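Now for the letters of each chain:
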Amino acid sequence: GAVVSQHPSRVICKSGTSVKIECRSLDFQATTMFWYRQFPKKSLMLMATSNEGSKATYEQGVEKDKFLINHASLTLSTLTVTSAHPEDSSFYICSAQGWQGKRDEQYFGPGTRLTVT
Amino acid sequence: AQRVTQPEKLLSVFKGAPVELKCNYSYSGSPELFWYVQYSRQRLQLLLRHISRESIKGFTADLNKGETSFHLKKPFAQEEDSAMYYCALNLGTYKYIFGTGTRLKVLA
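Protein chains in written order, with the numbering used here: chain A, 1 to 117; chain B, 1 to 108.
If we strip away everything but chain A, and leave its shape as in the complex, we get:
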């Protein structure tokens, strides 16, 4: 089956620093990768959609200068939270979409818990 990994799984950083989260599709090429943010007891909020080699498309209300997304290859996308603040603490989940047989499905990573102190 399709596997998507995220690294790190947990990260604690100080306010004002930047942190990078990697999302990799391990056994398939992802045409598109998505970044979500999950708030406690709330739904997944789509932050941005990225395609390899092109700029990410950000959802309304998501600051592109704060949440930098780089989709370097068909198997790797990174999310960098710049100048992190405590309110950025959240669970960030990526997903990758690619062809698996005849189905174009979205496969999720395990998520990254970010805590900003």
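Just so you know, these hints were derived from the structure itself, not from any lab. Just to be clear, a hint being listed does not mean it is correct.
[Stated by the list, open to error] With a straight-line cut-off of 16 Å between C-alpha atoms, the simulated EDC-like cross-links for lysine to aspartate or glutamate are:
hint	chain 1	residue 1	chain 2	residue 2
1	A	42	B	32
2	B	73	B	8
3	A	64	A	88
4	B	15	B	81
5	B	9	B	20
6	B	95	A	59
7	B	65	B	32
8	B	95	A	105
The model shown is predicted, which means the values in this text are computed figures rather than measured ones.
Assemble chain B onto chain A, guided by the hints.
Then chain B, alone, in the frame of chain A:
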């Protein structure tokens, strides 16, 4: 506006009882709907999609365009069905909208 609504945050049923997780959507285009499941300490994974018209782990979901609903059903709940279930709408432009999720607890 496009929206996915899951009215129940928590649904508790006894083992062997029927279960229905509600999902309503708002979308003017042709909807593509999914159910995702997240078991404890596991990642989110696709359970089923409406275009497949399949039954996965005994669950089925029928798209009702008249009622704009895509409720998830299972005739006999099992304890291992306890999980968080999310209904999602694909707008067809690589954009997914998720509902707030329903936590299903199947009691022994």
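Restraint status (C-alpha distance of residue 9 (chain B) to residue 20 (chain B) at most 16 Å): The hint holds at about 13 Å.
Pair hint outcome, residue 15 (chain B) versus residue 81 (chain B) [Cα-Cα no greater than 16 Å]: Holds - the C-alpha atoms of residue 81 (chain B) and residue 15 (chain B) are around 9 Å apart, at most 16 Å.
Straight-line alpha-carbon gap residue 65 (chain B) to residue 32 (chain B), limit 16 Å: The given pair, whose Cα atoms are some 11 Å apart, holds under the 16 Å limit.
Hinted pair residue 95 (chain B) and residue 105 (chain A), Cα distance within 16 Å: holds (13 Å)
Given pair status - residue 8 (chain B), residue 73 (chain B), alpha carbons within 16 Å: holds (14 Å)
Residue 95 (chain B) paired with residue 59 (chain A) [C-alpha distance capped at 16 Å]: holds (9 Å)
Straight-line alpha-carbon gap residue 42 (chain A) to residue 32 (chain B), limit 16 Å: violated (22 Å)
Pair hint outcome, residue 64 (chain A) versus residue 88 (chain A) [Cα-Cα no greater than 16 Å]: holds (14 Å)
Checked against the numbered hints given earlier, this structure breaks only hint 1.
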